[in-house]
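Hey, can you work out the whole structure from these sequences and the hints?
One gets the numbering used here by counting positions in the sequence shown from 1 and adding 320 to each.
Honestly, the hints are just simulated from the structure, not real lab data. Just to be clear, a hint being listed does not mean it is correct.
[Unchecked claim] Heads up, simulated BS3-like pairs for lysine-lysine below, C-alpha to C-alpha not over 27 Å straight-line:
no., residue 1, residue 2
1, LYS343, LYS364
2, LYS385, LYS557
3, LYS343, LYS385
4, LYS638, LYS614
5, LYS610, LYS483
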Amino acid sequence: MTRPATLENLPLYFSSNVKSTFKVVITNSPLGGRGLFARERINKGSLIFTNEPTVYGPRANCEVKKFCSNCFHISDLCYPCGKCYAYVCSDICNGSSDHIKLCSFICNNWRLKNNWDKIEKTSLVLARMIIYVQFLLLSEKQRDLLGLFQRSQIKDTFEELNKLQCIYYLPEQHVEFLNIVESIIKINSFRISHSLIGNKIELRGLYPLSSFMNHSCIPNTRNVFTSNYLMTVFATKDIEKGDEITSCYTGLLWCSPARRYQLYKSKNFWCFCTRCNDNTEMGTKLSALKCFNKPCIGNLLPKNPLDLQTKWFCNSCKIFVPYTKINMIQSVLGSLVGTLRLDDEIRLENNILQRLTIFIPYSNHVFVDIRLRLAIKLGFTDDVSIKELSESRLELKESLCRGTLRTVAALGAGDAHLRGLLLYHLHAALAERARRSPDQYEELKSEIEITIEQAYNILQGDISAPPDLELRRQYLGPGCDKPQEERFFILDSPDKVTNTL
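The following block contains the structure:
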């Protein structure tokens, strides 16, 4: 007889889809609820555990597009299954075991309402509900696990379910179960990295062991997602025995007020970590506003960052500003940021930038985010390759990468995914400089090799990793014994090199 799932036997209970060295234990956490803790010292870069998703499907509020309910490819060629009306993109997907199981369940358990003939709308609603319907297909053993997960206490309208009930007569027990599922997946699911190759809808999944990782604004892990949606968790820094193993639920470079509000809105808790309690955020001043007392050039910072109604003070002239005025400014900033778009030439509208500079210093997270986006996009768009960048733009890319890397380091993020991505783009800028000026190669060689090696160690295997990551490491990394001209051949003709591997 199978033992019921408990916190203690969870890794063993899910041994079919959790690969772990059993370096972790689940127990009560001072951060709230349960958490994962290290049973032994875990060195930076070490694999902690890997698990498959119990279910996976489109993210909440995904764009309304035609996508296959089986492989999730976006395509206008998708058509409704002749039996269950779920979108499929091909006969292969229509005949797959997963679709047959889904189709059989819908046809045998749900009945279309009288006179309902809007097949296209049915297909769109089913597409957005796929991840929830997958829970209904779980085995009894898998459903047993669901009782261990925390549930969201936020009572929002479950719009997708309401739309489904407008189309089908659903058994009451299914409606009740789907509401429970929604409260679980809302706070326990993970966004699956989006591949740079292919055209799939953005996905999320419920990963059983990963769901017990609590949030930290300075996490000690990173998640790597493979092409078959395995989630592998690595240590981004040394983790001592007894330390809690944490993940970041928000943007790493968001300022504390933005992170804390998002956590409360989406996860129903306020964060009180060391970073949130530091009004300078480890000296980065991501939250800082410009002093209102002109011509003072100081920065406004929260006196008590954990207090939502705290006064803000200038670190230069020492004036105090009430939280009501700060909230108003942050609201204006939110509206401006919502209109920010990089144009086809990777520029921002000057009038928006000028308005932003009235309120915020360049250390503010809004400008940090702009610099990050520019660092990654310059030379990596469909219109302009890195070889086509002007000297000034190439220099700008290198500078933006270095500056953002300093911010990531100041936050103590260790070998986070973001650091790997920035190292890759810094490497690309340095390698392009050396390609254009071969006489600079010896001067740049060491950093070119170090940056791609470190980027590879962080990003390898991830579905969102740059497609030429491994190729660059092979030809421009520290282990390459090819002459200089051959090393840079891949930057001129990457397709030719790829075809010879």
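Do the hints match the structure? See the list:
1. LYS343 <-> LYS364: holds (14 Å)
2. LYS385 <-> LYS557: Judged against 27 Å, a Cα distance of about 40 Å means the pair is violated.
3. LYS343 <-> LYS385: With Cα atoms ~42 Å apart, LYS343 and LYS385 exceed 27 Å; violated.
4. LYS638 <-> LYS614: holds (13 Å)
5. LYS610 <-> LYS483: violated (47 Å)
Taken one by one, the earlier hints fail for this structure at numbers 2, 3 and 5, listed in ascending order.
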